[in-house]
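Asks: So the chains spell out like this:
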Amino acid sequence: MGTKKRHGSTFGDVLRILFLGQKHTKLSLLEEEQMQSPYKTMLRNFTEKKPAMLGVYVFILIFLACFVLPLFFPLDLQYQDPTQQNVRPSMSFMSIPKALNGNIAQVDGGSVYGVGIDTNGTVYQWGVLNQKLQAVPTNMGRVVQVSAGLDHVLALNDRGQVFTWGNNRFALAPIPMEVGFTTIKQVIAGHQLSLALDTYGYLYVWGNSNIVNVVADDVQGNIEKVILNSNVAIALTKDHRVVQLSSRDTPFAAIPQEIQGKVVDLASTDRSAAAITNDKRVYVWGGQDHGVQEIPEHIQGKAIQIDAGRGHYTVLLDDGTVESWGWNIYKQSKAPNLKNIVNISSDYFQNYAIDKDGNIHTWGLRGYLMGTDQYGRDLFVRLISGGRITLTIGAIAVIISGIIGVIIGSFSGYYGGQIDILLMRLAEVVNAIPFLPLAMILSAIIGSKISETGRIAMIMVILGLLSWPSLARLVRGQILAAREQEFVTAAKAMGITEAKIIFKHILPNVITVILVNLTLSFALCMLYESSLSYLGFGVNEPSPTWGNMLFGCNDSTVMSQYWWRWVFPSIALSLCTISINMAGDGMRDAIDPKSAER
Amino acid sequence: MLKYVLKRLMYIIVVFLIASVLIFALYKSVPGDPARLMLEGSKQNMKPEEYEARYQEAVRKLGLDKPLPIQYFTWLGNTLRGDFGYSITYKMPVKQMIGVPMKNTIMLNVWSLIPVFAITIPLGIATAVRRGSRFDSIVQVVTIIGYSLPFFVIALLFIFLFAVKIPIFPISGVQTPGFTGSSIQLFMNKLYHMALPLIVMVFTSLGGLTRYVRATMIEALRMDYIRTARSKGLTEKVVIYSHAFRNALIPFITIMTGWFISIFSGSVVIERTFLWNGMGKVIIDALNQQDFAVSLAMVMFYLILALVGNLLMDLSYGLADPRVKLD
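Which chain is which? The protein sequence lines are A and B, in order.
Just so you know, we're using this note's numbering here: the first sequence kicks off at 259 and counts up by one.
Just so you know, we're using this note's numbering here: the second sequence kicks off at 34 and counts up by one.
Only chain A is shown next, with the shape it has when bound in the complex:
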């Protein structure tokens, strides 16, 4: 003993040993009994329980995942993308078949898949393909051009014939008869819309014209190239002018006058359009979202080919390198350092670059680890951010209920009498009223008047206000037992104030019991929060929590076809509560002197 501080004698030591571990040295029975502090005994009891330790480790992992990973995968609350709805977990958006390497001819990316042809004219597909997309026609011959749209593909063979597969609604499947009578040189597949351009500069349109209505009457017979996004079609004419193929006035019509007559290549994101002129300069007009108009200065005068995804541009420079800018949510505008590139293709969130040996390089969105939800949002990102909100709400609710419970329980237990009876009756009633209905009513009445952040705070307060009774009763019982002990009498005799006796002399003796209870009610609060959010009375969209990610998942379509939407949040929530409960249960056993009974 002596002056040296004993290891494991303070609560801080307990926490340190708990997380850092400690070496076991076998002592003789006598020594052990003499040397071990109560905390150390508890700790040893605890660390010897495998389920409890497993619970601690799993919880630490979940905690780190929810608080560290969001720093690397930030959540954009406003983000939605209808083209990425209900995509199953996959990382194959850009997994090009090996057979294509070295002899690739052309490649095009669709919403969540890609299609390419080799130099022999064989078609390959990869990514998330539905059944209709997998049904590639077998009689196409030698295919020289492919174009992938939202969920359908167009292909052109060396005899100028056009083929289509994939989505066959909206009159996409029947190719117009006129297309068969002429020689097609470009096919374009878009959002439920197909375009074909013949060698004479005539454009043929079929499919759903409600999303994009193509009006090309003024320039028919003079079109060199057509591009299509989810809003409009834009044409490059044979005299190097840019024309918007729409009867409506859109931002795409604001074409810079100085480029007319000089344009050699054209591309467009969803909100903006870009062109390369014959002096190899890039011009962008239309919307400004995601910084698409901030063209890197060093590419001016060197650009020879341009292509675009939903919010980013990629250009090929005359020295064979590539450059991307614009939207970077899936790192699609972070072009690698490539050399000897001869052709590029950008679509949605993917980029492909083909070098002079026929090898292919990719960057951008490879897929979604846990799939996407009904709004096209990445479930993995929502899961980790949702976990952060769920854990925070649970923790703060527990702190609130802990403070209320300890105060009420202490006073009730220490003073007894009328105060005790009244407080305990109140606790009984709060405890007896069904929790969820009451929380739902409070949330519905108060929640209609406040903002979304306020709502999250409100849920914490409601959970805290309704879950204190069990703790209060526990503290009361412990204090009832402690107040009759000699050290309390001694403290009273010394004239110490009652508040000080309760909080400085009695409470430290029962702190472990309180901690166990708080741990267990942390899991309970998380369960309540998730239940509330699942029912639609907790945290609302677009803020994610593990509960509200499951909102609406009791639907048979979601259950069977979009299993990832309910499986992953369920697993996360269950793992988290199970691990907390296991740790809490182990703690309870560890501190219970009766359970030791050696």
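These are computed hints drawn from the structure, not numbers from a lab.
This structure is a prediction, so every number in the text was calculated from the model and none was measured.
Keep in mind that the hints are not guaranteed to be accurate.
[What the hints assert, rightly or not] Derived PhoX-like pairs: lysine-lysine, alpha-carbon spacing no greater than 25 Å straight-line: (1) K390/A / K198/B; (2) K707/A / K198/B; (3) K124/B / K61/B.
[Stated by the list, open to error] Interface residues of chain B toward chain A, partial, derived using beta-carbon atoms under 10 Å: (4) P100; (5) P102; (6) I103; (7) I294; (8) R305.
We put the beta carbon where it would ideally sit given N, CA and C, even for glycine.
Once you have looked at the hints, place chain B on chain A.
Replies: Relative to the frame of chain A, chain B by itself:
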């Protein structure tokens, strides 16, 4: 005993009054004017003067023109007489509206009681007796997992397994829509629809209850009278089931009270997930449609239930354990 009962009754009345004031305050802070809501929909068909007159009449009828304390006592009196107010969405008194859901909820809950107790009590006793054994530790871990899993996760899992993958049960509902047939067929149809929510309900209750039975049994088995019973040479069976279990029953009463209340309140999550037309679903629908009269009536109803349950619990404590009365 009489003094004990009277004392408990008095406390309960005090608590009821406090709680009812709080609920009334909630009721008053609800957005929207109940008199206008009552006339909603008929505004277009009326002249402005007529509407105004009808509005004033509604205000008088609802007693909104009187001072707050009088409103409170009128409301309290009505509630105690069983008049829980008027549902705006269903256009009928709340009391009448909750008849069918109440029946559905009670049916579901009563049926779930039987398997729950048939499983948890023997399991809890067995684990308590064989405490520390491998069997006990496995059951302990399984039950932790059982009570940690959120209800809706279990419900979704069971729906996925038994209604989507192997479609032997219907996904949701109380009975087949537009079902016609004899009353026996109707009953069977209802049972068939009840199967999945029932299974889920039983499953969700197993973990917590088993652990509770185990804990109380362990507590009882530690007592001196158990040692005495054993040293007298009684068989282990008699010691466990007659001496220990009867004493373990006392804390069990607390759990029974909870059950008594939940029989009427229903499980919000399970009823929502299975679209079971019960009390839990009534309260969700009422809140979604801003029908606050219904939801607050339900809280009031729960409060009364809770208090009655508490009183019953106190009384049964008194009956089960003579020492309690002495306090």
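Asks: How about R305/B: closest beta carbon in chain A under 10 Å, or not?
Replies: Where the cut-off is 10 Å and the nearest Cβ of chain A is about 6 Å from R305/B, the hint holds.
Asks: Checking one constraint from the list: CA of K390/A to CA of K198/B, max 25 Å. Satisfied?
Replies: Given pair K390/A, K198/B holds - Cα atoms ~23 Å apart, limit 25 Å.
Asks: Does I103/B pass the interface check with chain A, least Cβ-Cβ distance below 10 Å?
Replies: Check failed: Cβ of I103/B comes no nearer than 23 Å to chain A, outside 10 Å.
Asks: Checking hints one by one. Is I294/B an interface residue toward chain A, by the C-beta closer than 10 Å rule?
Replies: holds (6 Å)
Asks: Given the hinted pair K124/B and K61/B, is their alpha-carbon gap at most 25 Å?
Replies: holds (21 Å)
Asks: Verify the proposed pairing of K707/A with K198/B, using a straight-line Cα cut of 25 Å.
Replies: Violated, at roughly 43 Å.
Asks: Does the interface hint hold: is P102/B within less than 10 Å of chain A, judged Cβ to Cβ?
Replies: With a closest approach of 22 Å, the P102/B hint is violated.
Asks: Using Cβ atoms only, decide whether P100/B comes closer than 10 Å to chain A, and label the hint accordingly.
Replies: violated (23 Å)
Violated hints, in rising order: 2, 4, 5, 6; the structure is consistent with all others.
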